[in-house]
Amino acid sequence: MSIPGLLSERAIILAPRGRDSQIAMRILDEAGYLATVAHDLFELVKELSSGAGLAIIADEALRNSDIKPLLDLISRQPAWSDLPIVLMTHHGGPDHNPSARMGNLLGNVTFLERPFHPATLVSLVVTAVRGRRRQYEARARMEDLHESEGRLQNALKAGRLGSWLLEAEYLKLTCSDITKSHYGRNEQDTFNYDDWLAAVYFEDQPRMQSALQRSLDTGVDLIIEYRNVWPDGSLSWVDVRARAICGNNGLVSSLAGVTSDITERKQAESQLRRLNETLEQQVEERTSQLRHKEDILRQSQKMEAVGQLTGGIAHDFNNMLTGIIGSLELIRRRLARGSIEDLNSLIDLGVTSANRAAALTHRLLAFSRRQSLDSKPVEMNHLVNAMDELLQRSVNESIHLQLRMASDLWTAEADPNQLESALLNLVLNARDAMPDGGTLVVETFNQQLDRSFTNAHENLLPGDYVVLSVSDNGCGMPETVISRAFDPFFTTKPIGQGTGLGLSMIYGFSKQSHGHVSIKSEVGRGTTVQLFLPRFKGLADEAEQSFQSNAVYAENGETVLIVEDDPHVLLGCQQALALEDIASEGVSSAEDALKRIGDNFAGIVISDIRLPGIDGLELLSRLKARDSSLPVVLITGHGDITMAVNAMRDGAYDFMEKPFSPERLVDVTRRALEQRGLAREVWALRKQLAERDSLEGRIIGRSPAMQNLRALITNVADTSANVLIEGETGTGKELVARCLHDFSRRKDSQFVALNCGGLAESLFESEIFGHEANAFTGAGKRRIGKIEHAHNGTLFLDEVESMPVNLQIKLLRVLQERTLERLGSNQSVAVDCRVIAATKSDLNALSKTSQFRSDLYYRLNVVTLELPPLRERREDILQLFEHFLQLSSLRFDREPPTLDRQTSSSLMSHDWPGNVRELRNVAERFALGLPAFKQAGTVSENQSLGFAEAVEAFERSLLSEALQRSGGNLSQASQELGMAKTTLFDKVKKYGL
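At position 280 of the sequence shown (counting the first as 1) the number is 280 in full-length UniProt numbering, and the numbers step up by one without a gap.
Calculated directly from the structure, the hints in this document are not laboratory data. Do not take every clue at face value.
[What the hints assert, rightly or not] Pair ranges (Cβ atoms, derived): (1) LYS293 with GLU866: 19 to 27 Å; (2) LEU930 with LYS266: 45 to 53 Å; (3) GLN205 with GLY613: 57 to 65 Å; (4) TYR170 with ASP204: 20 to 28 Å; (5) GLU580 with GLN392: 39 to 47 Å; (6) ILE245 with GLY929: 31 to 39 Å; (7) GLU580 with LEU335: 47 to 55 Å; (8) PRO462 with GLU681: 20 to 28 Å; (9) PRO567 with SER394: 47 to 55 Å; (10) MET405 with GLY780: 25 to 33 Å; (11) PRO462 with MET405: 22 to 30 Å; (12) ASN385 with GLU580: 29 to 37 Å.
[As the list claims (entries may be wrong)] Below 25 Å or equal to it, Euclidean Cα-Cα: the simulated SDA-like pairs (lysine to any residue) are: (13) LYS990 with LEU959; (14) LYS658 with ALA576; (15) LYS511 with VAL441; (16) LYS172 with PRO206; (17) LYS658 with GLU767; (18) LYS511 with ASN425; (19) LYS595 with THR559; (20) LYS658 with GLY613; (21) LYS786 with THR559; (22) LYS172 with ARG901.
Every residue, glycine too, gets a C-beta built ideally from N, C-alpha and C.
Sequences are here, hints too, so could you generate the full structure?
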């Protein structure tokens, strides 16, 4: 019988006497096994060499025979092979069959006594073939492993990568020939651990040894580039990378790594760096030449503009001087003749011309932006309504004046007097554009300017603006006129009806107010001029208080130092401030002021410019060199205004022109003190920010999961995308949310956190959306909600799965429309905040069971960050523990204890059901000198439980201890555990506590 494909599993039978071979072959044939009969030992060895699953040998075949060829065959078997042999003996076993004792030499032998039952033989063959198959499988695995090792070695050789292994306990180094070549050694040279360290360039040795020791101690990956010295004294660069192999105790047993020679890459980088430096120099020279040519062009344009400006000024002033000189000359002649009749008309003519000259000077100051503005919060609707009567009188009866005021208009920040002048000027221009009558519309509304708009206009920042718009349906303007509308002295009106400075003044006012002005016009259709003024940052009520109350005083060491050499002026200033309860002191020279002001001076300085010795400008320069945030107010005479304006450019806070009123002095002092206080607060906050570590110092861990998490945070932090953070309790979801906020452009605005599981449903709506006064019982005054409080910042919704379903709809609307309505109000409030949500549940599964709205889930789930539990990133445990141990030791003012091997092993083997929060608590106990784990038996007892049972046992014990310490007070226990009160209540019910 022949069964193809089973030669390697066939049975070779040697039974030279009797019918045993025929019987055995028939039995195996019926059982489906291939068998071959050998007639002597020589033929048996030959058949076995061709491949067989087992051999069946009668003991008489071995008697008085030369079995050396068979023994040689067995001894030459490869490591994976152990040929099964069934030795048929007579009744009585080996003791009564001396030849059967030779089975000890044959190795894998099974004895079969004759006579035997067919089933017995088949059973032995089945077992032998099954074992033989396992041997063949082992052979295949060994061949695959050998082939894989060959491919790996070929890949390492192709990439010129050397391999090495360092045993941690004995510091025994084993490395490949390629690694030796990277250090200038030949294949036959010895290269041990000491040789490895000695080859490192002396400047790089501390860095390399520190990185290597850190990997051996903590298990972090070794990644380093350094220089090494070859035996011939030459330097080369090598890149060394390794990964730790940990033993059963969780400690590092060895480091396995690769090396690569990066000398050529480093040389190329050096050449590229030199090339870049040369290129930068060339670009800088070309840029310098371009700037020089631009300066020449700009100077030419300035001279052209100055010529046009001076020509216009000379023309208008000559007209005005003609009226003044002519009137005075006529008055002189009449007085010489003794005629005094009708002198009043001549005097009126001269005064009118002088007033026109004063008005022109005022407009020139506004145009040049040298006129100081008194910016304050302005309710634009109130200002326009107050001017309604004046505007009505300014237009004729054929013009219909309409006021369209926005009901929810923001508060603007501007100089109200300049704003009134600008509005009147625009209305008069619109009137003159409609000589036959028409409709004139004055409108106010809110406008948000994005970066795409502001980038097209110099010195205009994106944000909220209040717009004053004046429109007419008059003759309109062509593009050629619009392009020159803001040029000084440009006018389309007849001679004598305009100076051409009106729109120039408005343009200067808008720029000085950090705003914008635009013109839209169409010939025959009309013109619209829109004035954009920045929105006041504070609340309107607060703004009124800040300008009307006496809330700012010299407190907390803030002192008003007055530097004035005139004792009468000094005394008057001190008395004016004293009446308003503002503490001050005076000195008569800048030298005395410099002696008085130390490094910790917390006040402000008010100084005259004209002083003996060091003048006020030099004093300003020296004070600013000491403290750039120190407010310095200058007092100037009329002739020093230009000098004072230059001083403000150099950092002066404000200036006052003599004579000034006490009210003016008090107002400037209060504002300067307020800025000083704010500047010191900002300094303190910046100091805190400067001390804050990088992202890697806040999101700690070198595991692939944490490296990927930091990369995702870096990638999405400075975007407006909503983020959903998923993770178990205690994994650090709020920390990740704060990092997303702190590393975004919203970092200077509010980060508002709300635990959705810690609020009663009845309070949830008012807490997150806010409410108006009397919206419900107990709502005595208006309150803004968390979303509105997070405007321009970040809103963090923790345990978002606990949010009531009916309020999920309202939150979804806010996310879609970027507006909200407070409870008890039907007015929409615009909000711009980034939403970061966190959950310990599967929101996708909850949405499928209608426990969480699917549309809100998809709105929140733009970017998902999954925080792994601590048990899934055990390589970070020791690093995190060391971090928390250092913090705890500083807090408790103790030296950090040394981490021993037993504690390290316990930390690595613990399941950490409380995640990072539990690890921090363990570190605090350890810093206090207590055992890391409260009960020594806790871990071992829980080891006999399943994972879920062990977690529940630990959680129940933790909750029980917290409730005992708080005397059963759920609120106190929830704060101690960092757990929402509702969550704690559910767990207390679950465990029957």
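Hint-by-hint comparison with the structure:
{"no.": "1", "hint": "LYS293 with GLU866: 19 to 27 Å", "verdict": "57 Å, violated"}
{"no.": "2", "hint": "LEU930 with LYS266: 45 to 53 Å", "verdict": "51 Å, holds"}
{"no.": "3", "hint": "GLN205 with GLY613: 57 to 65 Å", "verdict": "59 Å, holds"}
{"no.": "4", "hint": "TYR170 with ASP204: 20 to 28 Å", "verdict": "25 Å, holds"}
{"no.": "5", "hint": "GLU580 with GLN392: 39 to 47 Å", "verdict": "41 Å, holds"}
{"no.": "6", "hint": "ILE245 with GLY929: 31 to 39 Å", "verdict": "34 Å, holds"}
{"no.": "7", "hint": "GLU580 with LEU335: 47 to 55 Å", "verdict": "52 Å, holds"}
{"no.": "8", "hint": "PRO462 with GLU681: 20 to 28 Å", "verdict": "25 Å, holds"}
{"no.": "9", "hint": "PRO567 with SER394: 47 to 55 Å", "verdict": "51 Å, holds"}
{"no.": "10", "hint": "MET405 with GLY780: 25 to 33 Å", "verdict": "30 Å, holds"}
{"no.": "11", "hint": "PRO462 with MET405: 22 to 30 Å", "verdict": "25 Å, holds"}
{"no.": "12", "hint": "ASN385 with GLU580: 29 to 37 Å", "verdict": "33 Å, holds"}
{"no.": "13", "hint": "LYS990 with LEU959", "verdict": "11 Å, holds"}
{"no.": "14", "hint": "LYS658 with ALA576", "verdict": "15 Å, holds"}
{"no.": "15", "hint": "LYS511 with VAL441", "verdict": "24 Å, holds"}
{"no.": "16", "hint": "LYS172 with PRO206", "verdict": "20 Å, holds"}
{"no.": "17", "hint": "LYS658 with GLU767", "verdict": "53 Å, violated"}
{"no.": "18", "hint": "LYS511 with ASN425", "verdict": "17 Å, holds"}
{"no.": "19", "hint": "LYS595 with THR559", "verdict": "15 Å, holds"}
{"no.": "20", "hint": "LYS658 with GLY613", "verdict": "21 Å, holds"}
{"no.": "21", "hint": "LYS786 with THR559", "verdict": "38 Å, violated"}
{"no.": "22", "hint": "LYS172 with ARG901", "verdict": "21 Å, holds"}
The structure fails to meet hints 1, 17, 21 from the earlier list, while all remaining hints are met.
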